[in-house]
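Chains as they are written, first to last, in the working numbering: chain X, 62 to 413; chain R, 17 to 251.
By construction, these hints were calculated from the structure, which means they are not laboratory data.
From the three backbone atoms N, C-alpha and C, an ideal C-beta is built for every residue, glycine too.
Among the hints, erroneous ones may be present.
[Unchecked claim] Which stretches of chain X does chain R cover? Using the computed rule of at least three CB atoms under 8 Å from a CB of chain R, they are:
{"hint": "1", "stretch": "262 to 269"}
{"hint": "2", "stretch": "282 to 292"}
[To be verified] Which stretches of chain R does chain X cover? Using the computed rule of at least three CB atoms under 8 Å from a CB of chain X, they are:
{"hint": "3", "stretch": "85 to 93"}
{"hint": "4", "stretch": "168 to 178"}
[What the hints assert, rightly or not] Pairwise CB distance ranges (calculated):
{"hint": "5", "chain 1": "R", "residue 1": "R249", "chain 2": "X", "residue 2": "Q224", "range": "41 to 49 Å"}
{"hint": "6", "chain 1": "R", "residue 1": "R42", "chain 2": "X", "residue 2": "G258", "range": "48 to 56 Å"}
{"hint": "7", "chain 1": "R", "residue 1": "S24", "chain 2": "X", "residue 2": "A95", "range": "45 to 53 Å"}
{"hint": "8", "chain 1": "X", "residue 1": "E223", "chain 2": "R", "residue 2": "W144", "range": "39 to 47 Å"}
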Amino acid sequence: MTTTATQDPQGRPGAGADPEGRRSWERAPGAALAVLPGVLSSALAWTDAHRTRFALPDDVLEPHTQVNATLKPLGELAQLGSTIRRTTAPGTPEHERAGDLVAYAWEQVHEGALLLELLRAEPFAAYPYEIYAAFAGYGLRHEGFEALARPLTATRAWAHTEQHANRQLGLINSERRVGVVTHTDAGGVLSRTWLGGLSEPWMFEGPSGYALTHTVFHLTDWGRMPDRVPEKIDGYLRTWLPAWADGCLESGQWDLTGELLAVAASLPGPAPAELLDAVWPVLADVQHPTGCVPETGVPVQDPAPDPYPFIDCYHSTLVTAFAAALSLRSLRGNGERGETGGAAPGRERHTP
Amino acid sequence: MDQKHASSPLAGAVHDLATEVVLALRSGDHLATVCGAAGIDEENRTGIAAVRVIGADLLLPSVLYGRHPHPGDVAVLDRAVREFPPKPDAPAATAWSHWHMISTLQRMAPPAPGATAPGTYAEPDAAWLEEAPWQAFTHQLSVLAPLAVPAAPSAVQRAAANRAVDLSRGFVRAVRRRDWLQAAGAGRWLAATGGEPATLGLDRGLDFVELMGGHDPRVTLHVRAARLMAEARAR
């Protein structure tokens, strides 16, 4: 599912005052690893403690029900929960908790039966398939759903669904997960995205930022397959992510910051440790003691258990947990994932 | 003095001087006198202070077009150097700016035999720049943008050349912050030293910075300087 988190429509930080150096930019090797385990476990603990808020209402299939407040959060719980489950080591509390959350989400969709009902109600829409694919990619499948989806996804109409390029990559990834032939080649779609076009980095703002992060999530199956990132995009991202993340921190776009960190941790080759060490401590400070992270804005200092409305923090909290799990894998797995060689791996080539 | 955009007489004088430098850069007219056009002479204290702000960029048209500077401009710059020496505890950027004004005068207008030179001034230290995080590095380099000229080697210029990717990130950050002056200064350095990542799109970026921030003639000055240097590099 594509996120449409709230953000400043212009993605523009507060102009006017120019507090150069208001934050410490000192490099602190190991700073990310120092905070990441705590960030991950508390974000998951908050999610677990609020799992009933993801529960689907009885009238979920009725036309008046808001998908963005029901199926979308649940699909995200399944998607990000299953990625965290697969990214963490078996036997750890985080692994167990993430598995519990996916099982809970699967229970909420009646082991897929409710998704079949949804598909019967909206057979020509893509989103039931995308939600289903989040489960299918994890091995949770429903025969009846796939029986109905199979002919639909083999149509010309399905192959020509009109949507943004990054969403189309999402559909391709869903098809891969379900195990059907993809309706088109991912490479061609990638080249039509903002990221694939290697856009001028100074034109980055909220909407292009979310398009970019989702391009990488769909391309890499939510961080599982870093090697699918082409070399030139890897270099482009390693070059510009620091500038974008800095801007998101400055303008309090915590949700997008988390997504950019997840992107950074989904790159092939060595972890971009300098970036992770610079940004994670800031996001850790924004995280509330109960584990939740606000989507945007000045973090509240209130120690009360629910400082933000659920709808304004569930996504950023899930994203924080997801990005933290990927970052831990990336930073700890440097040796295993192999050095690509060279002094500045992946960094973009300079102009001649 | 045009003070439409100025908040103080000094700011007005800086605005006027920068506007005249831009006009001279556009016309390439080596006979132009920047200070004369801005109504500033050696006796104008506010004007001299404004020259201290503009720094060696007062002679930028001559530097970039390889022509002799106007004697009136040389005299005012010389006066600014003598009247506003940095205090011992001045920020490093002030020391660098002072050093650069002196070295520019020595290069562009060596004193006539018998005349007294403004004195020597040791090249300041730049080790702190090598260590600065990329955000602070770009901010400082932007303040020191007058040092971004051809054939004027300095430790600052070497630092800029060594950290082109950091400077490019700083350019992106400055555009996002709508800090056009910083963006223009960073872009000028990149045009002077090269080495920016190909995807930066510096040319279009500088166009954008000029169109958005060009109401400040200091922004236009840096962008024009960047273009002239980029053209010279391309030749």
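(request) Could you tell me which of the numbered hints above are not met by this structure, giving the numbers in increasing order? (result) Hints 2, 3, 4, 6 and 8 contradicted; others consistent.
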